[in-house]
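Participant: Here's the letter readout for the chains.
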Amino acid sequence: MTDIYYTKDHEWIKVDGGEGLVGITSYASEQLGDIVFVELPQKGISFDQGKDVAVIESVKAASEIYSPASGEIIETNSSLEENPEIINDDPLVAGWLYKIKIINKEELKNLMNEEEYNKLIGV
Amino acid sequence: MNSNRGLDHDEKLLFEVGDVNRTGVDLSEPENLSQMLGDSFSDSEIGLAGLSEPETVRHYVRLSRKNYSIDAGLYPLGSCTMKHNPRLNEKMARLEGFSEIHPLQPISTCQGALELIDLISSWLKELTGMAAVTMTPKAGAQGELCGMMAIKQALLNKNESHRKIVLVPDSAHGTNPATAAFLGFEVKTIKSNREGLIDFDDFKKNIDKNFAGVMITNPNTCGLFETDIVKISELTHKSGGYLYCDGANFNAVVGKLKPGDLGIDAMHINLHKTFSTPHGGGGPGSGPVVFSERLEKFCPTPLVENDKGEYDLIESLDGKGLSNSFGRLNVFHGQMGMFVRAMSYMLSHGADGLRQVSEDAVLNANYLRASLNDRLTPAFEGYCMHEILFSDDFLKDTGVETLDFAKAMIDEGYHPMTIYFPLVIHGALLVEPTETESKQSLDHFISTLRDLVDRLKEDSDSFKAAPVFTPIRRLDETQAARKPILRWKEEPLIAV
Numbered sequence: 006m007t008d009i010y011y012t013k014d015h016e017w018i019k020v021d022g023g024e025g026l027v028g029i030t031s032y033a034s035e036q037l038g039d040i041v042f043v044e045l046p047q048k049g050i051s052f053d054q055g056k057d058v059a060v061i062e063s064v065k066a067a068s069e070i071y072s073p074a075s076g077e078i079i080e081t082n083s084s085l086e087e088n089p090e091i092i093n094d095d096p097l098v099a100g101w102l103y104k105i106k107i108i109n110k111e112e113l114k115n116l117m118n119e120e121e122y123n124k125l126i127g128v
Numbered sequence: 020m021n022s023n024r025g026l027d028h029d030e031k032l033l034f035e036v037g038d039v040n041r042t043g044v045d046l047s048e049p050e051n052l053s054q055m056l057g058d059s060f061s062d063s064e065i066g067l068a069g070l071s072e073p074e075t076v077r078h079y080v081r082l083s084r085k086n087y088s089i090d091a092g093l094y095p096l097g098s099c100t101m102k103h104n105p106r107l108n109e110k111m112a113r114l115e116g117f118s119e120i121h122p123l124q125p126i127s128t129c130q131g132a133l134e135l136i137d138l139i140s141s142w143l144k145e146l147t148g149m150a151a152v153t154m155t156p157k158a159g160a161q162g163e164l165c166g167m168m169a170i171k172q173a174l175l176n177k178n179e180s181h182r183k184i185v186l187v188p189d190s191a192h193g194t195n196p197a198t199a200a201f202l203g204f205e206v207k208t209i210k211s212n213r214e215g216l217i218d219f220d221d222f223k224k225n226i227d228k229n230f231a232g233v234m235i236t237n238p239n240t241c242g243l244f245e246t247d248i249v250k251i252s253e254l255t256h257k258s259g260g261y262l263y264c265d266g267a268n269f270n271a272v273v274g275k276l277k278p279g280d281l282g283i284d285a286m287h288i289n290l291h292k293t294f295s296t297p298h299g300g301g302g303p304g305s306g307p308v309v310f311s312e313r314l315e316k317f318c319p320t321p322l323v324e325n326d327k328g329e330y331d332l333i334e335s336l337d338g339k340g341l342s343n344s345f346g347r348l349n350v351f352h353g354q355m356g357m358f359v360r361a362m363s364y365m366l367s368h369g370a371d372g373l374r375q376v377s378e379d380a381v382l383n384a385n386y387l388r389a390s391l392n393d394r395l396t397p398a399f400e401g402y403c404m405h406e407i408l409f410s411d412d413f414l415k416d417t418g419v420e421t422l423d424f425a426k427a428m429i430d431e432g433y434h435p436m437t438i439y440f441p442l443v444i445h446g447a448l449l450v451e452p453t454e455t456e457s458k459q460s461l462d463h464f465i466s467t468l469r470d471l472v473d474r475l476k477e478d479s480d481s482f483k484a485a486p487v488f489t490p491i492r493r494l495d496e497t498q499a500a501r502k503p504i505l506r507w508k509e510e511p512l513i514a515v
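Protein sequence lines correspond, in order, to chains Y and Z. Residue numbers for the first sequence follow the numbering used here, beginning at 6 and rising by one. Residue numbers for the second sequence follow the numbering used here, beginning at 20 and rising by one.
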């Protein structure tokens with residue numbers, strides 16, 4: 006079963022077993038406008054929850070992406086390097102940023118579920 | 020219909036205008052060229068566009084007319100301070116003794132120039148209440164680098180190189196975190212509170228044993244004065260760190276306060292903002308940095324020494340208290356032409372005049388705020404400093420975005436304000452009128468913006484279509500960033 010959690014900084018993490026897939030929400034991608042560049046972390050590097058792990062640059066602004074969970078980067082979405090617009094087109098599936106090996110599932114309690122997140126963005 | 024509008028031409032590149040059949044010169048055929056050039060001789064086409072002299076002249080004159088400048092009209096870019104450049108400054112800078120000077124000429128032959136550097140240094144120290152100044156940085160961003168290099172040097176000197184963390188507010192200019200990162204510091208963002216000021220608790224929370232310093236812009240990019248600045252500087256020093264101030268907005272407070280009194284350790288001053296030297300492509304910039312007593316001995320060389328009216332550049336570090344300097348930042352001594360212009364501005368205004376400049380800049384911004392706050396939405400309540408920040412709340416439910424609104428201003432004959440900065444405000448519009456606009460000029464600007472807002476309800480489509488009166492209407496910013504075309508690509512020029 007896959008669980009999805011959200012951060013107040015508009016990232017999502019889909020948790021499947023001990024791994025998590027991370028991306029940004031539709032709301033975030035709309036707010037950013039056309040995305041023109043994505044800087045992803047290197048595989049093998051570990052990050053703590055809340056640390057800036059990637060950068061997304063749009064025509065309006067450059068924004069940092071904060072890791073929703075602590076762990077090691079095990080895969081990144083390399084297709085974003087050539088085609089960052091995938092995030093605008095499909096932020097929740099094809100526009101994922103990276104996969105992380107979660108080291109502490111307890112931390113996920115700090116995040117929001119879908120209902121709470123929708124309340125945050127006023128949907 | 021072609022894409023020229025009025026008498027404003029859609030100017031093509033020279034390569035698109037010219038062809039190989041035309042030429043503007045009539046040169047005689049050289050003799051023995053192949054012999055003289057040896058292997059380098061080639062008589063094939065070299066792909067340069069041929070043009071007549073009038074075609075060439077028109078091309079460059081038309082291009083020059085596309086350059087929007089403060090000399091052409093109001094230029095309300097927030098955070099940029101696009102103020103008038105007095106012609107008196109230009110006259111002074113063209114005096115031969117300044118304009119023909121060379122950085123390598125003997126010291127004895129440029130005493131006047133050194134005296135001017137000494138004089139502007141003393142004015143800057145007086146206005147900022149700081150202990151030392153270096154005039155060499157070439158622009159604001161290099162000034163930031165210079166100030167942070169001195170902080171790094173001070174930390175090294177205390178064997179505290181473990182202090183790696185530099186705090187930067189989320190409303191900062193992008194150059195602040197870039198500067199810190201460039202020097203190997205780790206940047207941590209501190210949050211703004213609801214009032215648009217630094218959240219002091221968040222600042223406090225982020226201080227630990229690795230704290231190197233904090234970079235603050237005051238007034239900040241929301242156009243607000245950081246009222247906790249003294250609390251911040253006290254805690255910074257108590258925690259073993261240094262306070263860098265981005266002096267980009269010093270023009271709002273000259274003569275009203277001295278940064279030294281706030282506990283600031285280093286601050287750059289953009290001569291092209293506060294002291295009216297030309298801006299952007301009309302530059303060059305110039306970013307002197309002032310230092311507190313805590314940092315004085317770490318600042319770069321050379322410094323101008325005044326020994327009873329005999330001026331010298333201190334090149335030797337011996338016996339001058341400069342033994343901890345981080346050395347030279349630039350090969351030479353700074354932007355002499357800008358020093359002359361800034362000094363001319365200071366002397367022609369006098370101390371009282373400089374204070375009035377700040378007061379008028381703040382007054383003008385608040386006049387805009389008060390005249391527009393029932394049409395646009397100020398991001399924060401209360402008075403602002405030298406610039407007024409609006410959010411895009413007034414555009415809600417109109418389908419028009421900040422960018423569309425800015426484009427519509429172009430059709431009304433106004434260069435847009437800064438948009439989408441600072442990032443902490445949604446769809447930000449940041450307006451800095453500067454003190455050099457008259458009430459009449461501001462009133463015209465205000466009535467234009469009010470009319471535009473009133474048009475939002477009845478005709479939002481026109482905003483989406485704007486600008487219509489320009490040869491090129493909307494640029495594809497997305498493709499320009501994703502797939503930039505950085506050079507003209509040769510398609511063979513065909514002889515016709």
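If you're looking for bench data, these hints aren't it; they were derived computationally from the structure. Note that beta-carbon positions come from the ideal geometry of N, C-alpha and C, so glycine has one too. Don't take every hint at face value.
[Said to hold, decoys possible] Simulated pairs of lysine to aspartate or glutamate, EDC-like, Cα-Cα distance not exceeding 16 Å:
{"hint": "1", "chain 1": "Z", "residue 1": "Lys502", "chain 2": "Y", "residue 2": "Glu90"}
{"hint": "2", "chain 1": "Y", "residue 1": "Lys56", "chain 2": "Y", "residue 2": "Glu69"}
{"hint": "3", "chain 1": "Y", "residue 1": "Lys124", "chain 2": "Y", "residue 2": "Asp57"}
{"hint": "4", "chain 1": "Y", "residue 1": "Lys13", "chain 2": "Y", "residue 2": "Glu69"}
{"hint": "5", "chain 1": "Z", "residue 1": "Lys207", "chain 2": "Y", "residue 2": "Asp57"}
{"hint": "6", "chain 1": "Z", "residue 1": "Lys502", "chain 2": "Y", "residue 2": "Asp53"}
{"hint": "7", "chain 1": "Z", "residue 1": "Lys207", "chain 2": "Y", "residue 2": "Glu86"}
{"hint": "8", "chain 1": "Z", "residue 1": "Lys502", "chain 2": "Y", "residue 2": "Asp57"}
{"hint": "9", "chain 1": "Z", "residue 1": "Lys210", "chain 2": "Y", "residue 2": "Glu111"}
{"hint": "10", "chain 1": "Z", "residue 1": "Lys207", "chain 2": "Y", "residue 2": "Asp53"}
{"hint": "11", "chain 1": "Z", "residue 1": "Lys502", "chain 2": "Y", "residue 2": "Glu87"}
{"hint": "12", "chain 1": "Y", "residue 1": "Lys56", "chain 2": "Z", "residue 2": "Glu378"}
{"hint": "13", "chain 1": "Z", "residue 1": "Lys210", "chain 2": "Y", "residue 2": "Asp57"}
{"hint": "14", "chain 1": "Z", "residue 1": "Lys275", "chain 2": "Z", "residue 2": "Glu205"}
{"hint": "15", "chain 1": "Z", "residue 1": "Lys502", "chain 2": "Y", "residue 2": "Asp14"}
{"hint": "16", "chain 1": "Z", "residue 1": "Lys210", "chain 2": "Y", "residue 2": "Glu69"}
{"hint": "17", "chain 1": "Z", "residue 1": "Lys327", "chain 2": "Z", "residue 2": "Glu134"}
[Said to hold, decoys possible] Chain Y side only, calculated, beta carbon under 8 Å to chain Z, not exhaustive:
{"hint": "18", "residue": "Asp39"}
{"hint": "19", "residue": "Lys48"}
{"hint": "20", "residue": "Val64"}
{"hint": "21", "residue": "Ala66"}
{"hint": "22", "residue": "Pro89"}
Participant: Determine for every hint whether it applies to the structure shown.
Facilitator: Do the hints match the structure? See the list:
Between Z/Lys502 and Y/Glu90 the CA atoms are separated by roughly 12 Å; this keeps the pair inside 16 Å, and the hint holds. Using a Cα cut-off of 16 Å, the hinted pair Y/Lys56 and Y/Glu69 holds, with the two alpha carbons roughly 9 Å apart. The suggested pairing of Y/Lys124 with Y/Asp57 is violated, with an alpha-carbon distance near 24 Å, which exceeds 16 Å. For the proposed pair Y/Lys13 and Y/Glu69, the alpha carbon gap of about 13 Å is at most 16 Å, so the pair holds.
Distance check on the hinted pair: Z/Lys207 and Y/Asp57 sit about 9 Å apart at the alpha-carbon level, within 16 Å; holds. Taking the CA atoms of Z/Lys502 and Y/Asp53, the gap is about 34 Å. The hint is violated against a cut of 16 Å. A C-alpha spacing of about 26 Å is found between Z/Lys207 and Y/Glu86, which places the hinted pair above 16 Å, so the restraint is violated. Distance restraint check for Z/Lys502 and Y/Asp57: the Cα-Cα separation of roughly 27 Å exceeds the 16 Å cut-off, and the hinted pair is therefore not satisfied.
Of the supplied pair hints, the one linking Z/Lys210 and Y/Glu111 is violated, its CA atoms being roughly 26 Å apart against a limit of 16 Å. With a C-alpha separation of about 14 Å, the suggested pairing of Z/Lys207 with Y/Asp53 holds against the 16 Å cut-off. Restraint check for Z/Lys502 and Y/Glu87: satisfied, since their Cα atoms lie roughly 10 Å apart, inside the 16 Å limit. Taking the CA atoms of Y/Lys56 and Z/Glu378, the gap is near 42 Å; set against the 16 Å cutoff, the hint is violated.
For the hint linking Z/Lys210 to Y/Asp57, the alpha-carbon distance of about 15 Å falls within 16 Å, and the restraint holds. For the given pair, Z/Lys275 sits about 34 Å from Z/Glu205 by alpha-carbon distance, which is inconsistent with the 16 Å threshold. Proposed proximity of Z/Lys502 and Y/Asp14 is contradicted: the alpha carbons are some 29 Å apart, above 16 Å. With a C-alpha separation of about 14 Å, the suggested pairing of Z/Lys210 with Y/Glu69 holds against the 16 Å cut-off.
Distance hint between Z/Lys327 and Z/Glu134 is fulfilled; the C-alpha atoms sit about 11 Å from each other, no more than 16 Å. Because the closest C-beta pair between Y/Asp39 and chain Z is about 4 Å apart, less than 8 Å, the hint holds. Contact between Y/Lys48 and chain Z, as hinted, is not supported at the beta carbon level, the nearest pair being about 22 Å apart and thus beyond 8 Å. Taken as an interface hint, Y/Val64 checks out: its beta carbon lies about 5 Å from the nearest beta carbon of chain Z, inside 8 Å.
For Y/Ala66, the suggested interface contact is upheld, since its CB lies about 5 Å from the closest CB of chain Z, less than 8 Å. Annotation: interface hint on Y/Pro89 holds; nearest CB of chain Z at approximately 7 Å, less than 8 Å.
Of the numbered hints listed earlier, those contradicted by the structure are 3, 6, 7, 8, 9, 12, 14, 15, 19.
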